[in-house]
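Chemist: Letter by letter, the chains look like this.
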Amino acid sequence: MQEIINIFVKSIFVDNMIFAFFLGMCSYLAVSKTVKTSMGLGIAVVFVLVITVPLNYLIDNYLLKEGALSWISPKFANVDLSFLSFIIFIAVIAAMVQLVEMFVEKTSPTLYAQLGIFLPLIAVNCAILGASLFMQEREYSNIGEVISFSLGSGIGWLLAIVGIAAIREKLRYSQIPAPLKGLGITFIITGLMAIAFMSFLGIKL
Amino acid sequence: MAGINLKLIKNPLSRENPITVQVLGICSALAVTAKLQPAFVMALSVTVVVAFSSLIISFLRNTIPSRIRIIVQLVIVSLLVIIVDQVLKAFVYEVSKQLSVFVGLIITNCIVMGRLEAFALSHKPFDSFLDGIGNGMGYAVILITLGFIRELFGSGTLWGYKIIPQFLYDLGYQNNSLMIMPPMALILVGIIIWIQRSRNKDLCEK
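Here the protein sequences line up with chains E and W, keeping their order.
In case it helps, the working numbering puts the first sequence at residues 71 to 275.
In case it helps, the working numbering puts the second sequence at residues 726 to 931.
Any given hint could be a false lead.
Stated by the list, open to error - Pulled from the structure, derived: some chain E residues nowhere near chain W, Cβ distances all over 12 Å: (1) 94; (2) 107; (3) 124; (4) 160; (5) 196; (6) 197; (7) 205; (8) 212; (9) 215; (10) 221; (11) 240; (12) 262.
To be verified - Derived DSS-like pairs (lysine-lysine); straight-line CA-CA distance at most 30 Å: (13) 814(W) / 251(E); (14) 251(E) / 103(E); (15) 251(E) / 240(E); (16) 251(E) / 735(W); (17) 240(E) / 103(E); (18) 145(E) / 814(W); (19) 732(W) / 251(E); (20) 926(W) / 735(W).
What the hints assert, rightly or not - Label-pair ranges, simulated between beta-carbon atoms: (21) 245(E) / 787(W): 27 to 35 Å; (22) 148(E) / 849(W): 31 to 39 Å; (23) 929(W) / 104(E): 31 to 39 Å; (24) 785(W) / 172(E): 24 to 32 Å.
I should point out that these hints are in silico values taken from the structure, not numbers from a laboratory.
All C-beta atoms, glycine included, are put in the ideal place defined by N, C-alpha and C.
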């Protein structure tokens, strides 16, 4: 249980998707102009992460890894399909995002209208595929750890994008030199926020 | 005819740079540039993937139904990335270990998808190939600049070879460890954007 909480806290602060690994930067920069849209996109990302990463973990463990197919028959114990990971993961992600889109459209048309084009764009958000690939690389031992990892990563991403949106809203009244306005200052502020998040590096539970 | 083709390669190098102007491909540009060698290998891989996927999608552009075009693009890009990944694992294994998940992330690299949607789907194969090469090189320019600065000031080496002479270390010079950390990459890109927009006033916002 302690390991699960450890992973959860680590994924939010220390291994933050944006500040440590720069995943999901493009939509982070594009959507962070207001807090409202950032919150909506952040929640959607959390949702998609919690659905796709555990699913990909199961697929990786029971289909793709070396020796994974041995539950069908011992003859397959040497089969290693991990080179197919990229295409299978991205297919699962695209399919899940499509399902989430249909689900949101049916249950909450207002949320669907608010998110607009960003919902289908989550499929190509590097944070989603990146989380699955990190899960595969780090070899978590059970699905509980994987779920806490994906939930933590999503919440970390949400924190980052809402944070920078709040700062950008306040920046509108500041005197920034013209060449730095908009994109340039956002990069520099994100860098400063990343330095701030580095202070979490020594956390141990 | 020759003039149009050259613009496809020249423009992404500065005025339409994929990273600083189009805001695409940021994620990998920041993550792999702590040293020059991975940055160079990544730039090469992305250029290959963008160029060849643009070529293939452009050949197919009249036969793909519009509803499934994202899926078709993802499949073709994934296959190219799998090939690139296997080639990297075979020939430069240490670098591929440093790049780890970011080779796979070329699939979701916005430059690839962005250029496919914006250009390859509506232009001839050879022009799309050149556009892919141009954007790949624009991406490479930024990556190599970042890798150069970060490795030189962060580790005193370039491509693994010691550059800063020992006597400077004895005099008290120390490597700037912040350069190797992620935040510095963000700040350096902000400064590059600052310099670029100071020189091209029409790229400034508002």
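Chemist: All hints are to be evaluated individually against the structure, with a verdict given for each.
Modeler: Going down the list of hints, with the structure as the test:
no.	hint	result
1	94	7 Å, violated
2	107	16 Å, holds
3	124	18 Å, holds
4	160	6 Å, violated
5	196	4 Å, violated
6	197	8 Å, violated
7	205	10 Å, violated
8	212	21 Å, holds
9	215	18 Å, holds
10	221	19 Å, holds
11	240	17 Å, holds
12	262	7 Å, violated
13	814(W) / 251(E)	41 Å, violated
14	251(E) / 103(E)	13 Å, holds
15	251(E) / 240(E)	13 Å, holds
16	251(E) / 735(W)	26 Å, holds
17	240(E) / 103(E)	10 Å, holds
18	145(E) / 814(W)	28 Å, holds
19	732(W) / 251(E)	28 Å, holds
20	926(W) / 735(W)	19 Å, holds
21	245(E) / 787(W): 27 to 35 Å	52 Å, violated
22	148(E) / 849(W): 31 to 39 Å	46 Å, violated
23	929(W) / 104(E): 31 to 39 Å	21 Å, violated
24	785(W) / 172(E): 24 to 32 Å	27 Å, holds
The structure fails hints 1, 4, 5, 6, 7, 12, 13, 21, 22 and 23 (numbered hints given earlier, in ascending order).
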